[in-house]
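Engineer: These are the residues of each chain, in order.
4 protein chains.
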Amino acid sequence: MILHFRPGTAEEQVQAVREQCHANGIRTRLSPEAERPILAMVDKVPDALAQEIQQRPEVVDSFVPKGAWRLVHRAFREKPSVVKVGPVRLGGGQVVAIAGPCSVEGREVMLEVAHLVRDAGAQILRGGAYKPRTSPYSFQGFGVEGLSQLKDAGQAVNLPVVSEIMDAAALPAFVDHDIDCLQIGARNMQNFTLLKAVAQAGKPVLLKRGLAATVDEWLYSAEYLAAYGCPWVILCERGIRTFESATRNTLDLTILPLLREWTHLPVVVDPSHAAGIARLIPPLARASVAAGADGIAVEVHPRPEEARSDGAQALLPGELTALVAEARIQAAVTGRTFHQPVG
Amino acid sequence: MILHFRPGTAEEQVQAVREQCHANGIRTRLSPEAERPILAMVDKVPDALAQEIQQRPEVVDSFVPKGAWRLVHRAFREKPSVVKVGPVRLGGGQVVAIAGPCSVEGREVMLEVAHLVRDAGAQILRGGAYKPRTSPYSFQGFGVEGLSQLKDAGQAVNLPVVSEIMDAAALPAFVDHDIDCLQIGARNMQNFTLLKAVAQAGKPVLLKRGLAATVDEWLYSAEYLAAYGCPWVILCERGIRTFESATRNTLDLTILPLLREWTHLPVVVDPSHAAGIARLIPPLARASVAAGADGIAVEVHPRPEEARSDGAQALLPGELTALVAEARIQAAVTGRTFHQPVG
Amino acid sequence: MILHFRPGTAEEQVQAVREQCHANGIRTRLSPEAERPILAMVDKVPDALAQEIQQRPEVVDSFVPKGAWRLVHRAFREKPSVVKVGPVRLGGGQVVAIAGPCSVEGREVMLEVAHLVRDAGAQILRGGAYKPRTSPYSFQGFGVEGLSQLKDAGQAVNLPVVSEIMDAAALPAFVDHDIDCLQIGARNMQNFTLLKAVAQAGKPVLLKRGLAATVDEWLYSAEYLAAYGCPWVILCERGIRTFESATRNTLDLTILPLLREWTHLPVVVDPSHAAGIARLIPPLARASVAAGADGIAVEVHPRPEEARSDGAQALLPGELTALVAEARIQAAVTGRTFHQPVG
Amino acid sequence: MILHFRPGTAEEQVQAVREQCHANGIRTRLSPEAERPILAMVDKVPDALAQEIQQRPEVVDSFVPKGAWRLVHRAFREKPSVVKVGPVRLGGGQVVAIAGPCSVEGREVMLEVAHLVRDAGAQILRGGAYKPRTSPYSFQGFGVEGLSQLKDAGQAVNLPVVSEIMDAAALPAFVDHDIDCLQIGARNMQNFTLLKAVAQAGKPVLLKRGLAATVDEWLYSAEYLAAYGCPWVILCERGIRTFESATRNTLDLTILPLLREWTHLPVVVDPSHAAGIARLIPPLARASVAAGADGIAVEVHPRPEEARSDGAQALLPGELTALVAEARIQAAVTGRTFHQPVG
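Residue numbers (my numbering), protein chains in the order written: chain A, 1 to 343; chain B, 1 to 343; chain C, 1 to 343; chain D, 1 to 343.
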């Protein structure tokens, strides 16, 4: 249960409700919301107690989430939340583009990509240093050295960076290199040990949806992050696994309007892995923003045929520029603004 | 194999190739294309014969489709084909809205809906007279009387009409009432007997994708229609069945850019059955047009709570007006035009 | 709601309940059950009326099905029902083997197959005269002539026959040739027009599960058959469509024990279409009977490489013999008997 | 490519081939096979080199796997491999039962369960100390203390134990407590960091299939284990995610005969998570062994209603005894033996 108190309710009144709950073995969490107290009961509240609390005059509204997600539930905030990645704000009516190579592949090419990403008008630079690969014999990423190359490239063009973390043991490296946003990949969405560790890094997290994860499970994983210390979660839809094999995955845009109702978290869409082929990506990116996405994440490479992973789905520089321009238009026609390029 | 002849190739030269094929037991079909002869070999062509034919100077291009679809393959036409439903043209750079109630429910309400559909700016009126219902005890539609009510309402507002046909035996009723477009429902997409019969009615057909049909199978069903006499096929994506149960179905927009490459047929999207809830539909309709759909098909009802079927996913009149306005904007920003209202 | 009356309840008492329901607009259906009156209310019964009826002393038990299936619900019969196909009994503790070619391909080969099917110990002969084919250019079956060849072959070896019907218009041909059991294919499971027509033919029906049909929808289709006149339905699981492409389909044996609880109808399993490769079939057939199937249906061909359809999944004669022997053992170790070969 | 050398081929001849490969940048791995040298080329071998090698007289057979799995490929061993868990042997014609509670819940109850597991005739004791839970607020397991309780219980009844590891950091605890087999859960099947770490522990690994993992991806994860030092992998099918929601998951037995052809690894089936309801489990366990499984893994609890997780799918002690008895019969009728209870 989530309670909305009347704006201006005294702290002691909220505290009284919390203590009543705690006395009944029910854990509570207070929203960071500034406009009014909002309180979530983590555990199930017995009917009698729920009724009693709801009748208090300072409690003006109460919500019972479908699942046991509380801190990421829409009602836990007055407005959709805004997550900051460096100086870039995700959510709250702005549209953002995240772009970069699938893998960080070397200092020089990383810098080259960083420039083209910035020039195309994207606001966040991405790049994989640790790569989850289906085969043990495939290129597994440059590791720490990749983080260093990515961060340096980001600084050179004044863009914040995001990179995937696969293991809690690598967390110090991400913190040392001041990676601005930590990405949890689709295959690790229910790696609960990793979620708990990453939640405590003090960094925003881009949480990809698992290949066969329901929206419900996805929000539970976001709740893990929030419950263990990270309220700055960005959801990333990247396509689900279905019977259809004509495309690599099926981009699930149907859930975008639903997520708006279920959670306050911002949502970005990565159309690259669903399309699997670069030329299918631009229409899907357009559609994602039209459906309400707060941002798009795509892969780009100056010479896709040389990419060490997923070259088939990498956009060319000119295609990225066009895609960003279209995202800008879609932001406008859906009553939002495209995020100003940093600096 | 599909052959493109040099524009202006003499009929006899094309005929010579056909006869060579027929002599080898290979059926051929000639495209209705005006700009140049285009010829499809229905059956597999032996390598030696294929090489010989490709070397003829009048053959300038040849294509080998992935599947055995030929007549609906992109290469069987110079440009994407345009299908006329009454005076309305689907495909070829215009965007169209199809709207109406799930079921035809009576003369008066049908007329009421027809007016609001026209006033909202939609160009085609839909309504179900024969309803495929999961339960034998649910309302099964008004049948012939429903067709009459639908057509009369369409004529009253000067809009062509589309309605689902479930059985070849009902074909005369559809023809007698001059239903402008015949719809094959998702559950009948591989009812091959129905496809063969409907193909011979001389009417355009709206072919919904089956709930678990691959794009490949869908195009084969379109090929049935074309092979048996109906080249005027409109594909309709309406959501596929996946593991996700938060929404009724998963709208598969990922395939839209792919369909542009695989087939010349126009594609409309019905977001209602995927969303399952009316308020999720407008963003999905926007996204569909942004992804390249040639039209959208939605359900509308003046009083959804009174609808005899699928009331939960029926738009209100005002919502339809807003949705059509947004489709118009999406048509513009994707370099197309919204079809002029009829009359 | 389904009511069980005390054994020996007078007809008038049952009639009184029915009239009370009818007066409230609730349709009722009486079970053919001999041991006691069992009554199904087709429509939803208001709580007050339900309570009143349940309190009558002659009503000893009542059930509320999950869906609106009534006549196929387990509670509509005392014991699992037994369906007769010619002299063969499906359900009720016997295990049956159905075998034959995918397509009927000629009088001679059909007779050859019939002999090997009988010699292998199978009890029912199958063969497709009307073939639902994905491509319009594939072999579509011999039609009426195929029915004649199938029936003649069945008579020659004294086995009843089953064949797929795709169209209500073909029903007279099936009746004229005295086809013992009509098969509804997976693609037509929700072809409601066909279900209604076939239900009235006075023949048992083998109802295949749709490729993406839930158990709930499948039972609704069985309910169509029962509601329109055919209580002799045999369910046939044949594999569902999933993300896994290593096998043609995924055989869903998980639902077998569930079906035992939800319906009184017998269930057979066709492992051929799931496996897609002949050598995978025997272990799956064994597993099907072990999981509780009342029978197995497989395809067999004396020379699979010559088969006009699905040759890759056709068993060789010797493989069929071994498979039947194993089914016999599985019947025994699960406390059932293998059906005695006919004649 | 995998090469089979003639039995008795001299080590130097094999070494010559390896060096030729290494000189071309191709990594090689030698099979532990005793009967003859078997060599896997990890990387793709150019056609010319492949031909040259295949023509050597000491090379009698060569195989090209479908994927890039090598060490787990069927051809990398003469016979299906046998994996030892303590004194218990999995694979090679014996059938094994693994049983225990979902979670380790306390010293006393663990001991109680251990006795009933042994008395029922199972050979391996399971129990979760670290629990992957969808919600952060659910019971997460007793951790190290749980491992201690599990091992002590196993020793009390003389059964080896298996438990899930979710994090490489917990590996020392598993080794310290001498957990006989490490389980990788479905959600961590593609947690490659965990796979690499666990592979080096010198323990056999039970690798569950991911909820939406293809057979191909599953074998790649097994290949990770083998490539990083653990050849003792037991595959565990536990149900996949499909559109069907009547059961918790869909047990995929269709792949069992396929796995026999693709890999030499033993396969066990866990029917509990697919069924989701205890009373559906026994028929599915029977079917699993009938389809060829080398073992079954089930959950059991003396008082399921008190279980801290997944009580609905826990068998009662008597049900386990019956299930083991049936597995014994299925082993016999499929030409195998049921593993002798330890001690």
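Keep in mind the hints are simulated off the structure, nothing from the lab. Treat the hints with caution; some may be incorrect.
One copy or two, either will do: identical chains are not told apart, so a pair holds if it fits within one copy or between any two.
Here are the simulated lysine to any residue pairs, SDA-like style, with alpha carbons at most 20 Å apart [said to hold, decoys possible]:
1) K196 - A170
2) K44 - S135
3) K84 - Y228
4) K44 - Y137
5) K196 - A322
6) K79 - A156
7) K44 - T334
8) K196 - Q20
9) K84 - Q94
10) K66 - G335
11) K196 - V14
12) K44 - S309
13) K66 - T334
14) K44 - G67
15) K66 - A246
16) K196 - L171
17) K203 - T337
18) K44 - A23
19) K203 - G335
20) K203 - T214
21) K196 - A168
22) K44 - E306
Engineer: Run every hint past the structure and note whether it holds.
Structural biologist: Results of checking the hints against the structure:
{"no.": "1", "hint": "K196 - A170", "result": "both (14 Å within a copy, 14 Å between copies)"}
{"no.": "2", "hint": "K44 - S135", "result": "between (43 Å within a copy, 13 Å between copies)"}
{"no.": "3", "hint": "K84 - Y228", "result": "within (19 Å within a copy, 39 Å between copies)"}
{"no.": "4", "hint": "K44 - Y137", "result": "between (48 Å within a copy, 11 Å between copies)"}
{"no.": "5", "hint": "K196 - A322", "result": "neither (39 Å within a copy, 41 Å between copies)"}
{"no.": "6", "hint": "K79 - A156", "result": "neither (35 Å within a copy, 46 Å between copies)"}
{"no.": "7", "hint": "K44 - T334", "result": "neither (39 Å within a copy, 44 Å between copies)"}
{"no.": "8", "hint": "K196 - Q20", "result": "neither (28 Å within a copy, 48 Å between copies)"}
{"no.": "9", "hint": "K84 - Q94", "result": "within (12 Å within a copy, 40 Å between copies)"}
{"no.": "10", "hint": "K66 - G335", "result": "neither (30 Å within a copy, 42 Å between copies)"}
{"no.": "11", "hint": "K196 - V14", "result": "neither (28 Å within a copy, 49 Å between copies)"}
{"no.": "12", "hint": "K44 - S309", "result": "between (46 Å within a copy, 17 Å between copies)"}
{"no.": "13", "hint": "K66 - T334", "result": "neither (29 Å within a copy, 38 Å between copies)"}
{"no.": "14", "hint": "K44 - G67", "result": "within (11 Å within a copy, 30 Å between copies)"}
{"no.": "15", "hint": "K66 - A246", "result": "between (34 Å within a copy, 11 Å between copies)"}
{"no.": "16", "hint": "K196 - L171", "result": "both (12 Å within a copy, 18 Å between copies)"}
{"no.": "17", "hint": "K203 - T337", "result": "neither (25 Å within a copy, 45 Å between copies)"}
{"no.": "18", "hint": "K44 - A23", "result": "within (14 Å within a copy, 45 Å between copies)"}
{"no.": "19", "hint": "K203 - G335", "result": "neither (29 Å within a copy, 41 Å between copies)"}
{"no.": "20", "hint": "K203 - T214", "result": "neither (25 Å within a copy, 34 Å between copies)"}
{"no.": "21", "hint": "K196 - A168", "result": "both (9 Å within a copy, 14 Å between copies)"}
{"no.": "22", "hint": "K44 - E306", "result": "between (54 Å within a copy, 18 Å between copies)"}
Hint violations for this structure: numbers 5, 6, 7, 8, 10, 11, 13, 17, 19 and 20, all remaining hints satisfied.
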